Amino acid sequence: MAHALREKAAISGVGETAYTRGTPKSGLALQLEASLAAITDAGLSPRDIDGVVPYFPGGGIAEDFIANLGLPDLKLSVFVPMGGATCVAAIQTAAMAVATGVCKHVLISVGRTGYSGARVSTRLQQFPQFALAAEFEAPIGMFAPAQLYAQGARRHMELYGTTARHFAEIAVVTRQHAILNGNVVMNKPLTVEEHHASRMISDPFRLFDCSLESDGGAAVIVSAAGRARDLRKPLVTVMGVAEGHPESPASIAQRPDLLEFGLAKAAPRAYDMAGLGPRDIDVAEIYDCFTFTVINQLELLGFCKKGEGGPFIMDGRIGVGGELPINTHGGLLSQGHVVGLNHVVELTRQLRREAGKAQVEDAEVGLVTGYGDMGDGSVAILRRAA
Amino acid sequence: MSTTPTTAAAPERPLPTPTRESRPFWDGMREGRFMLQHCSACGKARHYPRPVCPHCFSMESTFKEMSTGGVIHTWTVCHHPFNFFFKASAPYVVALVDMDAGVRVNAPLRGVAEGDIKISQRVKLGFEPVTKEITLPFFVAAG
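If you read the sequences in order, they're chains Z and U. Heads up: the first sequence at position 77 corresponds to 77 in the numbering used here, and the numbers run straight through without jumps. Heads up: the second sequence at position 85 corresponds to 1085 in the numbering used here, and the numbers run straight through without jumps.
Chain U with its partners taken away, still in its complex shape (with noise of 0.2 Å):
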């Protein structure tokens, strides 16, 4: 019997499974919309998706399109590539962001150096398609 070298595949990317809670999000972001959640009876947002509203417990809720802005609340630079798909890219910003719709979006944040990120920095969200299916999120700095 020969051995035959074989090549490593490449590392996929992890990929979200939009479920039938966060699909609207994840629809959303493959038309380039930042869709989300809203509670039907008391109006409030909220993200991660879920079925029942924490402030008033309705379980109705529709999904409404709204602004990209939003300030940078904290951020990390990842230099150890925990998942091999990243080892590429590292190291790599990931800014959470309180978007001015009301919730916190993490997504990598690119085009500004390490030094100069600074709490309450103004981005603005864009739509990074990378399958047929899914659209991730993504910062860049605002005006």
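With the rest of the complex left out, here is chain Z (with noise of 0.2 Å):
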């Protein structure tokens, strides 16, 4: 029996604002700029949301956006509490909204000033689910989302061979997809060697293996399949979706295995909804707070054995006209940190084929995930409907 959400929630809209490192505007802003590209893109009216699932915390609250868009009557305000996985499994929550009823269109919104406002040191402090880090991690210099992952990462190079070489792969490759959308930060190529001599930040992970601190907005509608298949683009169906959440979700030193987290448990249910494996993902968009991130999810994604993600990605096979290009926007790494929401608006643009330089020859099919709070993860499977 068909999973009771599969197809029946679609991406009906996409939009983002520039990436960049110093703006003058707020956070908010930046959001409401974003959902009112993606409001338009979809060619529906502000008037049409009535249900939002702005990133949290940290922007907009549906108290803006009924003030600012003048939504005549929001039916559904919620907050996904899981950072880095946040906006990929609000896709979940959406879905759940619109393939009941409860809402037509619910917009997931992130706007970040991570640049030209809080850094990322002191941004976490405010989040409850560091509180544990906080009294126990932070006092003995453990506190930045760099070193927390960084032990994990070293494990992985002790345990399987996985080396720097690996890593710069993923910055090199996801740089040159990075020229080639344009709208981005990093627009200048990189190679393996100034991978190689950048800065180390935590050990084994160097500047380049770290995600881009900047600002800007994006946006995301999620529509009832069948009003998505009236609307103006090409409808994009959600095939599967799920959230997981790790062992010792607050803490990844008392995690049993420091490389299975949330994501472990997502992907299989959200292959089994869709009907669909790895072998069918035409172009995959993973969440890249750390080139190694994206090593290690493609592991529990199934793309490749556990440990054998270092080789996997490399020879070519992840660029665009490989086997299974990643990352065809720039990701967190090189276009910009709007928490991976910029993952599913590139996704989207894949399956429509608007992806410009960087468009995948006959998309069908892919994947977008979502990392982060110490271990959370969420996955979409989205198919461009025939």
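Don't read these hints as lab results, they were simulated from the structure. Source: prediction; values computed, not measured. Ideal placement from N, C-alpha and C gives every residue a C-beta, glycine not left out. Heads up, a few of these hints could be off.
Each pair of labels, with its calculated beta carbon distance range [claimed, not checked]: (1) Q176(Z) with D1027(U): 53 to 59 Å; (2) G1111(U) with P189(Z): 39 to 45 Å; (3) G101(Z) with P1091(U): 43 to 49 Å; (4) R1050(U) with G117(Z): 30 to 36 Å; (5) M314(Z) with G1111(U): 35 to 41 Å; (6) V102(Z) with K1132(U): 52 to 58 Å; (7) T1019(U) with E63(Z): 29 to 35 Å; (8) D280(Z) with S1089(U): 48 to 54 Å; (9) F56(Z) with P1051(U): 32 to 38 Å; (10) K357(Z) with C1042(U): 57 to 63 Å; (11) F1084(U) with E323(Z): 42 to 48 Å; (12) A1041(U) with G161(Z): 42 to 48 Å; (13) A1010(U) with E364(Z): 55 to 61 Å.
Make one complex out of these two single chains by using the hints.
Written as structure tokens, this is what we have:
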């Protein structure tokens, strides 16, 4: 029996601001600018939005959307507090809302001044999810995600022989894709040598293994599949979507397997719901807070075996034109950091064949992940409707 | 109005704020004892401290002094000081250790050269008082 949510929801509109380092705009203004772009893209009016899932904490809340967009009858306002896993997990929440008829069009949005506003080291201290790290790990000098996730990366290297060369491959290919996109923070080519020469942040992560602190906004509208069919753009259907929460969710240190997190639970459920598997995926947008995180997720998604993610991404496999193009927009590493909602925007454009120079030929089915909050995971499988 | 040159205050070390759950752990650290929370019903150790045993759901627990020995599970070398307090000590190694007591502890590893660190290497937890109230853990190579 088909899963109750399969093909019930669609991505009907996507929007972004310019991705920059430095802006006079507020995070809320960026979020609303991207939201209006997504609404226009869908061919809707702001008045049609009757559900909101804003990124939280940081950014606008339901009251801001009603006040700015004049929403006449908002029927759903929820937060999905999963850090970098929020944006893709929010697709599940939104799909449930439109499939049940609670809402017609749900707006998922992010606006962030990660460069010109509060930086990562101060921002995270406000998260309740980071309270354990604040008590037990910050005092001994471990606080930033770059430090906490570095220990998992080091273990992968020691157990499986993964190397900095593998990390560099992710950084370099992602940069090539950013240059194809154009609306990106990092628009100059990057070489493996430049990656290796960049300063160490928290070993084994160098500067070019880390995602950007940037300013920008992104938005996505999820509509009931039947309604979306009548809108402006080609139908992009939600085939499967799931979120997953790891053991020891607030402390990586206490997790039995540092390399096994929420996505390990979410991926089989999303594939099952979609009735599709890794071999059906034409293009994948993988949450890339760090280069290594991409390698780790490809393993949990079943594209390769555990420990084989390093060799898997080599030899042109993940570039546009390769067997499994990844992060065709430049990702968080080179395009901009809007907590991965730009990954959903890009996957939608790929499946609509609107991805310009980075277009993956004949892209029919794509996958997008979210990853955050010490290991929460989310994944959506989207398909271009015939 | 004259402008007075000001000196930036020295950055403060981030310190734990013991909670009702974690206070026995931090009290133990201050006394140089590695105290771990154990379920009174099923006996399993848990860390970090919390109200309910996730194995048997008992809310009764006691803290017991445990061995300070363990083996390295993984590590990182922190170069960029995300908190200015750590700028002077960077780069520093933080080892994640599988304690013999069955939980993990993350703490600075001292006296081992970066190139000599290995998974499964034996280490021992030490106690470093940083305020009257708070003592923090660190590791050194064992035996």
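Of all the hints given earlier, name the ones this structure violates by number, lowest first.
Hints 3, 9 contradicted; others consistent.
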